[in-house]
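Here the structure of chain A is known, so what remains is to put chain B in place on it, guided by the hints.
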Amino acid sequence: MCLTSYEQIMIEHWQSQIKAAAAKGAKLAIRGSGSKAFCGPVANGEIIDTREHVGIVEYEPNELVIVVRCGTRIADVEKAMADAGQMLAFEPPHFGEHATIGGMVASGLSGPRRPYAGALRDFVLGCKVLDGKGDHLSFGGKVMKNVAGFDVSRLLTGSQGTLGVITEVAFKCLPVPKAQQTRVFEFDAQTAIERMNRWYGEANPITATTWVGGKLYVRLAGAAPAVQSAAANLGGEALAIDADWWRNWREQKHEFFAGDQPLIRLACKSTAAWSDLASNAEQQAIDWGGAQRWLRASAAQLPAVRAWAKTQGGHAGIFRGANSEAERSEPLQTALAAVQAKIKASFDPYQVFSSL
Amino acid sequence: MTLTFERPTETVVSATVESLRATYGERTVTTHAVREQHSHGEGMQDAGLPDVVVFPESNEEIASILKLCNQARIPVIAYGTGTSLEGHLKALYGGVCLDLSRMAKVLEINAEDLDCRVQAGVTREQLNLDIRHTGLFFPIDPGANASIGGMSATRASGTNAVRYGTMRENILGLTVVTPDGRIIRTGTRARKSSAGYDLTRLYIGSEGTLGIITEIQLKLYGVPERVSAAVCQFDDLREAVNAVITAMQLGIPMARIELLDEVQMKASIQYSKLEGFEPRPTLFMEFHGTDAYVAEQIEQMKSITADFGGSDYRFADKQEDRTKLWKARHDAYWAGMNYIPGKQAFSTDTCVPISRLADSVMAAKAEVAKSGLVCMIVGHVGDGNFHVLITFDPNSSDERNRAELAADRIAHIAIGMGGTCTGEHGIGIHKLEVLKVEHGEGVDVMRTIKQALDPHNIMNPGKTIPMQ
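Protein chains in written order, with the working numbering: chain A, 1 to 356; chain B, 1 to 468.
Just chain A, with the same shape it has in the complex:
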């Protein structure tokens, strides 16, 4: 059996599922391993299991591009890339051993490297999607720059399975840095925020910054001499086995994330001064050079947190443990919501897929 016919069979199967649902006004739920179901909109209806469409379609490391089917595990893709000395530079969180590439793109989450290397969407070069009419469409391509028509592949990134089934994605690959080390500093939160911003502005080869439990972790990566000279400049203590620390942090397995209390994610300008929104400093962590903050707090505290976030040019929602869509994300400005609805209708005129 050749792969092309396998692909055709799979796509045609889904196409008939979508067309049937559209015809009878039924709903479809696009689902991979379910690792990120907790942080997306509720999806009801017959399931489209993206894990049925698996495989790396194309990977020539010297092209710096990898093309992958939606059901492929992120772990398998990262393994193939690591063997060639490359990586997905936005460092996606998996949140589960079987997490898929399709779910990663649809949820649009990026990891610790995001403010320094770019977000997931910056690495999506192109994708294929089945829309709500069952048409299999292709957007973007395999090149670093493309201005041919509307940037639809970026629109699909983070669309949470509401616009269509992302069936295949092409990513830009980057070489793994030659050297890496993490420096640890004992700082209070405000000092940490100031240092994160200042050091980044000074063009140090920083690839991650997190403040948690009274300590600031700064990861440096790049050519060995550049990393060494930055480490000497910055000071602090070296962290042993730093790769494990960052993996744990990214996967939210660090002790900060333990327990059942809701986890609030707050996005704001990176220099926003420390505010003791939670009852004590142990309940707040600072990520992404100050631009992302995590809080362990009750849902009752959310309005106050949102009010503060707004004053800092940002927004907040419950990332884990939300009881409703309204707790998960803030409602959009009316005019903006109208544009969003028109886009949803362009892809999914029969409302087959879940709503945003």
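If you are wondering where the hints come from, they were derived from the structure by calculation, not from laboratory data.
Quick caveat, the model's predicted, so the values are computed rather than measured.
Even for Gly, the Cβ is constructed at its ideal location relative to N, Cα and C.
Where hints are given, some of them may not hold.
[To be verified] Covered, in the sense of this in silico footprint (three residues per stretch, anywhere, with C-beta under 8 Å from a C-beta of chain B), are these stretches of chain A:
#1 27-35
#2 62-71
#3 155-163
#4 260-273
[What the hints assert, rightly or not] Some chain B residues well away from chain A (every beta-carbon gap over 12 Å; in silico):
#5 E6
#6 R7
#7 T30
#8 E125
#9 I183
#10 D235
#11 G251
#12 S272
#13 Y339
#14 C351
#15 V352
#16 T391
#17 E399
#18 R400
#19 N401
#20 Q451
This is chain B only, laid out in the frame that chain A set:
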């Protein structure tokens, strides 16, 4: 589905113009010279004049102009500095040209946050001048002193993109006026966008066909401790390209890496009075970083280029020397035009996967040879993007046909290699047919989006998305 546009009656058009004049007075201009000047960019001159040019001063004015035009079904075309290359400004159906040059304020500079907010009419040189005291800079450099609004609307890039990305990666959020006159704000100053689809990315590069971008929140960067430019010459074009491919695959963080072929070098040596260079394939490079980091990058590049027969390294560390070098690079188009007086020229804009770059450049060279026309190659090769400047006699339809055929062939070759017909110039009116080849049925979805967000098709109609 198809998009349509029918020009309203002359009575409706003149009533609209008079209504605009009543509100905006002297900022409503209908003289032929001004309308002509607003009907084209720097590329080929295409006839098609707007009926009127208006100079708005605020988001609210734009909103009320759009409401008026939407009701009357009059086209609206945004104008920044007139440097687009693909006929984006041609008024195919007449209408209102919005010249945004009076909306040229830098609204906020947040030096500590490394961002700023500007009005659409601010030019990139003006922005860099305004933020100079902060030790920051805005890196996107398409050569021309374009407006930030125009650069956003065309998703511009240029020589620094290999290190700093394109407009797409450097915009945090936008203010956009929709055709029904609503003012929306996409994105926030926060890195993570809020709920919903990434509208910021949709409007970036939409070439004025979905709404008018009026304000832009931009990322800024610290001026590097050291900037060093270098030039290296090769005997063989393919080897020069192979050196670039190797550098990119090793992840050397070049700030710029530009290729000029032997014909372009000959033209540039003459035009820009470059001394001590030979008309051979040449790489122009720039390195940014700390002293130690730049020194290491240069050593690595020297070793790579030596492997591919590169020689005659020259360095420019002083600002004035670098400026002269990059001015020569940016003047490549004018050097080409000057090289053979009396000719016109247009530029291809293909971008291919980096590993296919050498094949693609050599295939383009072969097409150029077949055409029998004088052509020169210049490109942002670090991204896989390069331009073939094809010259032809404007009075010879045979030469023009041969030029168009060569350009079309070069675009198809790139698409066949998994590339695109346009890496940075956009679709405009000149690449509508090739877009269909590249995106197939995907164009239908783009058309549906256009129809949904601009139901009367008044926003720059006939551009970017083929009407049928």
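Here is how each hint holds up against the structure:
1. 27-35: violated (count 0)
2. 62-71: That given contact holds, which follows from 4 residues of the stretch 62-71 of chain A lying within Cβ reach (below 8 Å) of chain B.
3. 155-163: holds (count 5)
4. 260-273: holds (count 6)
5. E6: holds (23 Å)
6. R7: holds (25 Å)
7. T30: holds (32 Å)
8. E125: holds (22 Å)
9. I183: violated (7 Å)
10. D235: holds (24 Å)
11. G251: Non-interface label on B/G251 violated, nearest chain A Cβ at 4 Å vs cutoff 12 Å.
12. S272: At roughly 26 Å from the nearest Cβ of chain A, B/S272 sits farther out than 12 Å, so the non-interface label holds.
13. Y339: holds (27 Å)
14. C351: Non-interface label fails for B/C351: nearest chain A Cβ at 4 Å, not farther than 12 Å.
15. V352: violated (6 Å)
16. T391: The assertion about B/T391 holds, with a minimum of 24 Å to chain A.
17. E399: For B/E399, whose nearest Cβ neighbour in chain A is about 27 Å away, the distance exceeds 12 Å, so it holds.
18. R400: Holds, because the least Cβ-Cβ distance between B/R400 and chain A comes to about 24 Å, which exceeds 12 Å.
19. N401: With a cut-off of 12 Å, B/N401 remains clear of chain A, as the shortest Cβ separation is near 24 Å.
20. Q451: Its Cβ does come within 12 Å of chain A, the nearest being 8 Å, so this is violated.
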